[in-house]
Amino acid sequence: MATAKHSKPQARRLETGGTIDRSQPLRFTYNGKAMVGYAGDTVASALLANGVDVVGRSFKYARPRGIMTAGIDEPNAVLQLGGTRSTQTPNVRATEQMLYDGLVCSSVNGWPSTDFDAMGLLGKVGGEVMGPGFYYKTFMYPASFWMTYEAVIRKAAGLGRSPTMPDPETYDHMNHHTDVMVVGAGPAGLCAALAAAKTGVDVLLVDLQPEAGGELTAHQSDELIDGVAARDWVNQTLSTLQALPNVTVLLNTLVNGCHDHNFLTAVQRLQDHIAPKQRQSTARQRLHKIRAHQVILATGALERPLVFANNDLPGCFVAGAIVTYVKRYAVAPGERLVVCTSNDAGYEAAMAWHEAGKEVVAVLDARESVSGAAFDAATRAGIPVLPGHVMFEAKGKKRVKAVCVGMVNSANTMVLGSVKELECDTVATSGGFSPVVHLASHTGTRPVWKESALGFVPGDSAEALHTCGSVTGEHKLRDCLATGINTGQTAAAACGAENTAAAMAVPTCETAEVCDAEALYLIPHKQTPTRAPKQFVDLQNDVTAAAILTATREGFENIEHVKRYTALGFGTDQGKTGNVNGLAIVAHALGKSIQETGTTTFRPNYAPVSFGAVAGAHVGPLFDPKRFTAMQEQHVELGAAFEDVGQWKRPWYFPQGDETMDAAVRRECEATRTSVGILDASTLGKIDIQGPDAREFLGRVYTNSWAKLAPGRCRYGLMCGEDGMVFDDGVTACLAENHFHMTTTTGGAARVLNWLEIYHQTDWPELDVFFNSVTDHWSTMTISGPNSRALLATLCNDIDLSADAFGFMDWKAGTVANVPARVFRISFTGELSFEINVPAHYGAHVWAALMEAGKAFGITPYGTETMHVLRAEKGFIIVGQDTDGSVTPMDLDHGWAVHPQKPFSFIGKRGMAREDCVRPMRKQLVGLKTKDPSVVLPEGAQAVELGVMLEPPVPMIGHVTSSYYSMAAGRSIALALIKDGLNRYGDTIAFPLLDDRIVHAEICKPVFYDVNNDAQKA
Amino acid sequence: MSDNETIAVMNQYAGDAVAARTPLHHVGLSELAEVTDNRDASVELQEAAVTGQLILRIRGDLHAASEAINDVIGVQLPNELQFHEVTSERGHVLIAWMSPDEWRIHCGLDDAYQLEEDLRSALSGITDTTMAIVNASGGFSVLNLSGADVVPLLKKSTGYDVREANFPVGKVVGTTFAKATVTLLKTRDNQWQIWVRRSFADYVWLWLQDAAREYGLKILTEE
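Protein chains in written order, with numbering that gives the first Met the number 0: chain A, 0 to 1017; chain B, 0 to 222.
What the hints contain is simulated information worked out from the structure, not anything from laboratory work.
Even glycine gets a Cβ: it sits at the ideal position worked out from N, Cα and C.
One or more hints might be untrue.
What the hints assert, rightly or not - Chain B is faced by these chain A residues, among others (derived, beta-carbon under 7 Å):
1. M173
2. D687
3. L734
4. E736
5. N771
6. V818
Claimed, not checked - So these bits of chain A aren't anywhere near chain B, every CB distance computed over 12 Å:
7. K449
8. R870
9. P902
10. V917
11. V947
Unchecked claim - DSSO-like mimics (lysine-lysine), calculated; alpha carbons at most 27 Å apart, straight line:
12. K357/A to K7/A
13. K811/A to K707/A
14. K707/A to K908/A
15. K288/A to K170/B
16. K930/A to K1004/A
17. K396/A to K7/A
18. K288/A to K178/B
19. K397/A to K525/A
20. K178/B to K625/A
Next up, chain A with everything else stripped away, as it sits in the complex (with noise of 0.2 Å):
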């Protein structure tokens, strides 16, 4: 065990110095074992602390992995987090994770466990199996193969478990509008806030990082900025710009892309830092949606490792991470450590380990002629420095134990006579700084590579987006601190501001002499790559450079090619330490440039984010509106059983006691057929059209005519797209000559209104017509059966009721319980029936009196269940259900609701004369009555001829749309649509079922009740 030589608790935390809370200890646990850290510390920190050195086993080759870096870029060290299953994280990065009091922590890819890992020998095989390429070569192969490989993948793979439980935390969703949002609150991020800020225009400012200050406070910065040190610099200006009243900061806060339209999404860590135990019941991640009129970039930049054989070694760490170890939480993560270098980056680590009282062994620079300011410290502080000297390999098993060092050519690709070893366990190493252009790069701005910066660049975006500091490519302090100001003015101006000329002046700091970088990214062996131990490019996918340069042998010369190939930068980290290395590998392989080669697209997400931030709170009961007429609360208390039709909640059917779907049914139908029933059609569309053109629009959006339809009656109309297909119908009634109350589908109603504006809007705007939703506006309760006239009767005395004076299809104006209401004699039963609208407000009123009045008949209210049994008993279609987008009115046998020859066309009229929709054999709909009366043939059931052979293929002649028991009929009823079934009436066809039973059936007109209409006229 690894963690066994360093029984001491935190070990490796120095006595002094760092900004970790020491009077805080928090314990956690990590496989397992228990360890403490201090408040401050992130899971990382408090890792190496307790001695930590495997965190992981690799992906691909199970090799031992340890904690690289001290940020969002860390490929190894990605941990499973959480104590119980519905609390379980999977991916976090324990270098960004802050530690707190009972943090559960595991390694993700570890079995059994970390340190002695039985995938370990597995995974030489597995590794050897999953060459570059592999996911494409397999289907290359035979299919049987695939079984094979994937139980490799299967117990190989595995980043992290889901959780198996609901997740107990809440998201939520913030929207914000700016004048100037700033990204990165670093050197450069500050200055340009405060100068934007200035100006008096908003400004948003975002951080990763729980504090600001970027570099300067993880390295914990000493040098000076207007004469104060850097990082309580830092946090005046923190502080200055939280006080002004047109500057919103936000702190750990992932901006995770960068859309269209300078629309920014950032995902803010509101309570992760917190013990779930102690968490408010409030959001624990909240996702920004930013709006922003200008965005400045101060993203500033990834150092990048050195790729060496062996480099994946526990121990191995980029030089930054061991000043943000050493300085920000008084963590050394080892004793003696080497460092390789190709800029002065390196010597930083080489001060702080050294500083903290820790033996460095040796600075490594390839440069072969070194000066400046940190060779000159290094040298002060006795620290051997080896110019022109590289690293190829390092040594070990569970960590580094030494490391072979050479000489390197000037052009830093052959390492030159004898070789030696130095013992060590520490490796810090610096390749230089990629800017993190991953922003830009979504706006869809390819990155340009910089010769003089060693990295890519954001290219010009069409966006008004802004760079500054590290992103630019200059890293010096000086420079960021200009840049930033001068970003932060330039955007500002761009947002309209004037005074942008009084604004700050650049803070001075302290400009040390800089030696130049070299470009290094892999470290040549005294053998080649393939030859070598492996040489890691990609930590987190195994992709070594052996694995690129195979790649590019065998053809793949395009990065996007190589990527896929290879699976380069493909992991949760998405190959942050990695993809520049891969690109200059790529490039030397190939004869080209950098710039030539090109990098992949950077898309979002720049880091991972949790499913919750993205659902926000738009989850459980609030995923979806529920809409609810206003008699929602009677039909609970009624014990309603609800139907989702739209977003609206319908009663279903109403079930007594512990009575079944089947018997409410049967019961709520034969109380209508037989006394009164009653049904909340609140949900039907209504719309109110007006004006002078009111008649003529309907005759042209209907398929009837409309002229000649009398105040005080209704008519029932249907409505085809252009193709002559049945999209809606309806009930309208002429309120007054220009004034007409449409009734929709439920379902149909938002897309009815709709089909209305656009065709006056767009064709025919001549006409002097509005339409108005009244939908919400009317509550709708129809009664229904027999005595639904007696009942009415009882509630109502300024109708005059009687059939003679209130035919079938008139409506009326009248007081029903004290409430104006209009009163249509329409039926969707076949039964004597009568349609009451009142205002929403006094719809639970009336509703509520009917009930009370009903209660000498037995009034009994339905759902949607029955109303459906008993409109299918009459024929009555069902848009949606009935008809599918493909019948026209004619498949419907409703040529009687087709009115050709008025003046105007209508909408359909040609499509519906199509040959093809007027060929003989279309599919017509047509009743069904089954051989067997007590079988009820399942809705979708396909139909076949007599007779036929069930061997695949078999004809299909139609299928079912609507089946039901009925009541009325004393039999099962259905409503299909057979080809030709309108010239087949007493033909009778087969219906093969899933269960293997063939059901016979005979076509029949589609009604089964009152087949004159004696009922509904009554």
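Take the given structure of chain A and dock chain B to it, following the hints.
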């Protein structure tokens, strides 16, 4: 034919004897108001009693129409994205721009019919101008939001820019609110009004409770 013969204008007021139920009647807001009375809350919510609501559509001579409306309610048609309030012998009347040919008028529930008649007669004679008026009093919930944290609450609910510079008092917009469509008005400093269709009112109520949790929510009843 006169308007009265070609349009079926209807007095839809049932009188005092029948209570007009707001869309959130089932929630029992007045009981919740007692429960939350002493709560430390920075968001306050109140559902207004049912008011008269007229949808007013006009195309044609808007200038003349505006004068005619001024004669009836004492205030001109508001310009785009604005609303006016006026108190006269008619009581309190609010008129809001909704779209280039649509306005909404709030009035007393008992005045909706008479106001519709008055507007129809005032607007009917204008040359080259057509109009429609629809009583939609039952169709909406009117929610009043106030308190120090209303703006963050709105920012959690709508993508519209609710900053002072973009959303001063007297402005009205139609926008999305969570997954519903609403009309949003700023009536005073830190006081906003939401009009939401009756059938979506319960959803918006659930949303507001959830979104306001971190600020504390107090229910107010109408003064």
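Each hint tested on the structure:
This hint holds: M173/A has a C-beta 5 Å from the nearest C-beta of chain B, less than the 7 Å allowed. Using the Cβ-Cβ criterion of 7 Å, the hint placing D687/A at the interface with chain B is satisfied: the shortest such distance is roughly 5 Å. Interface hint status for L734/A: upheld, as the beta-carbon distance to the closest one in chain B is roughly 4 Å, under 7 Å. About 4 Å separates the beta-carbon of E736/A from the nearest beta-carbon of chain B, less than 7 Å, and the hint is met.
Interface hint at N771/A: satisfied, since its Cβ lies 5 Å from the closest Cβ of chain B, which is below the 7 Å cut-off. For V818/A, the interface hint holds, the least distance from its beta-carbon to any beta-carbon of chain B being 5 Å, beneath 7 Å. No Cβ of chain B approaches the Cβ of K449/A within 12 Å, the least distance being about 37 Å, so the stated non-interface status holds. Chain B leaves R870/A outside its interface by the beta-carbon criterion, the shortest separation being 23 Å against a cut-off of 12 Å.
Non-interface call for P902/A relative to chain B: holds, since the shortest CB-CB distance, roughly 22 Å, exceeds 12 Å. In this structure V917/A is separated from chain B by more than 12 Å, as the shortest Cβ-Cβ distance comes to about 40 Å. Remark: the non-interface label on V947/A is consistent with the geometry, its nearest Cβ contact in chain B lying 49 Å away (cut-off 12 Å). Proposed proximity of K357/A and K7/A is supported: the alpha carbons are some 18 Å apart, at most 27 Å.
With a CA separation close to 18 Å, the supplied pair K811/A and K707/A stays within the 27 Å bound. Taking the CA atoms of K707/A and K908/A, the gap is about 20 Å. The hint holds against a cut of 27 Å. Pair hint K288/A plus K170/B holds up; C-alpha atoms about 23 Å apart against a cutoff of 27 Å. As the CA atoms of K930/A and K1004/A are separated by approximately 15 Å, the hinted pair is consistent with the 27 Å bound.
Taken as a hint, the K396/A and K7/A pair is honoured in the structure, with Cα atoms around 23 Å apart against an allowance of 27 Å. Between K288/A and K178/B, the direct Cα distance comes to roughly 16 Å. Compliance with the 27 Å bound is thereby established for this hinted pair. Between K397/A and K525/A the CA atoms are separated by roughly 23 Å; this keeps the pair inside 27 Å, and the hint holds. Between K178/B and K625/A the alpha-carbon distance is near 10 Å, which keeps this suggested pair within the 27 Å criterion.
Violation of the numbered hints given earlier is absent; every hint is satisfied by the structure.
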